[in-house]
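Colleague: For reference, the chains in residue letters:
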Amino acid sequence: MSDKIKILVGEDSSIIINLTKSVLAFENYSMKAARNGKQVLEMLEAEDFDLILMDITMPQMDGIECTKAIRKLADATKNNIPIIAITGNAANHTPEDFRKFGFNEFIQKPLNYDLVLATVKKILS
Amino acid sequence: MKSKNILIVENKEQDRKLMEHLIGQVHAFQSFDQGTVALSQLAIQNPDLILISLQLLDIEPILFLQKLKALGNHSCRVVGLISSTEQQQIPYFRALGFEEFISKPIRPKEFIPKIQSLLVLPEKTGANGRENPSSGPILNPEIYQQLLRLSSKEVILQVFSDFAEECENLLQLLERSNAIETTEEITRAVHTLKGNSGTLGLDKLFEAARFSESLGKQGKSIEFAESLHYLKAAIKEFQEFLKNEQSLNNV
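If you're matching them up, the sequences are chains A and B in order.
Residues in the first sequence are numbered from 1 upward in steps of one, following the working numbering.
Residues in the second sequence are numbered from 1 upward in steps of one, following the working numbering.
Hints in this document: simulated from the structure, not taken from any laboratory.
Here the structure is a predicted model, which means the values were calculated and not measured.
Glycine included, every Cβ here is placed at the ideal spot set by N, Cα and C.
Any given hint could be a false lead.
[Unchecked claim] Below, computed lysine to any residue pairings styled on SDA-like, alpha-carbon distance capped at 20 Å: (1) A:Lys21 - B:Gln145; (2) A:Lys21 - B:Gln25; (3) A:Lys21 - B:Thr187; (4) B:Lys109 - B:Asp33; (5) B:Lys153 - A:Asn28; (6) B:Lys220 - A:Asn92; (7) A:Lys121 - A:Pro82; (8) A:Lys121 - B:Gln146; (9) A:Lys6 - B:Lys217; (10) A:Lys100 - A:Asp62; (11) A:Lys68 - A:Asn89; (12) B:Lys217 - B:Val37; (13) B:Lys17 - B:Ser31; (14) A:Lys21 - B:Asp162; (15) B:Lys153 - A:Leu117; (16) A:Lys121 - A:Asp50; (17) B:Lys69 - B:Asp58; (18) B:Lys109 - B:Asp162; (19) B:Lys217 - A:Ser14; (20) B:Lys153 - A:Phe26; (21) B:Lys104 - B:Asp33.
[As the list claims (entries may be wrong)] Label-pair restraints from in silico Cβ distances: (22) B:Lys114 - A:Arg99: 41 to 49 Å; (23) A:Asp114 - B:Asn244: 26 to 34 Å; (24) B:Asn169 - A:Lys78: 31 to 39 Å; (25) B:Gln218 - A:Ile123: 52 to 60 Å.
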């Protein structure tokens, strides 16, 4: 059985998915990707993860809706999972907004992967 | 006798009158409230400096530059008169070809020294001296080195290749769509391109996409459609850059 930390990434861009997967693998994290909020919910219900990186802008169900739904799940180990928002439109929301939506932290696009890794480590510690 | 000839294009009367007053004490000038009228004058005259508002009502700054360039006989600098609320768009206007800017409101004490300093700069070789959208690096070397440090070169090359394909898809979407009628769909695609280009360190492409997206979201359909010409130019520049196998090795 693997002891790797498992990260679920909700992101509809395959470019960001591939790059993030590679960067996280370099730090010995395991990563799976979901293309929209609905997939994030399905994968989280089917499998345990340690953290979610959630893009705000996704088709079908966006990151905010998805996070609100996760926080309402009955399973306490699932609904408490740390979630980091990734947003390309940070100007639309204040940090307080992100906390109210249920996110633990938020990161702006364009992604700076040093910052992504530092934020992931901070949240997981 | 006044030594230099300066052409002013400003639709806001108060700003135009102030510039006329200040410049008139030192140099000859011609003043216009419409870019299209100024262009007809430029067809027969060759000023030493052009000052143009970036918020003209009758013509976009980009079109003005294109038409000036088409006239073919101008080597003077074109300076953008930029309001305080547009300051964050300077990278975009630089990408269009503007190299120098004067902030509005005009500050009389700073204005003439700035004009004098622009007049002594060497002449450009074409209309603002540029063929390309801008002369900055296509790829931000710091971000590229960061990606190489945190990933592998094989993955990075593949990601750039995938991104080039995404760019091509956007170009095709633009070719088959009417940007004014399909602003929302194109804005979504531009949003994705913005996030990806910025993450990959493709700064010029990022700035072009950011500005197009901003216009699309504001519902400025005509300006949005116009901005896409420069987004396309930035995409093609990136595609050319990537075609050269040595490009990424030289970063």
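Colleague: Which numbered conditions among the earlier hints are violated in the structure presented, ordered from lowest to highest?
Modeller: 2, 3, 4, 9, 12, 18, 19 and 25
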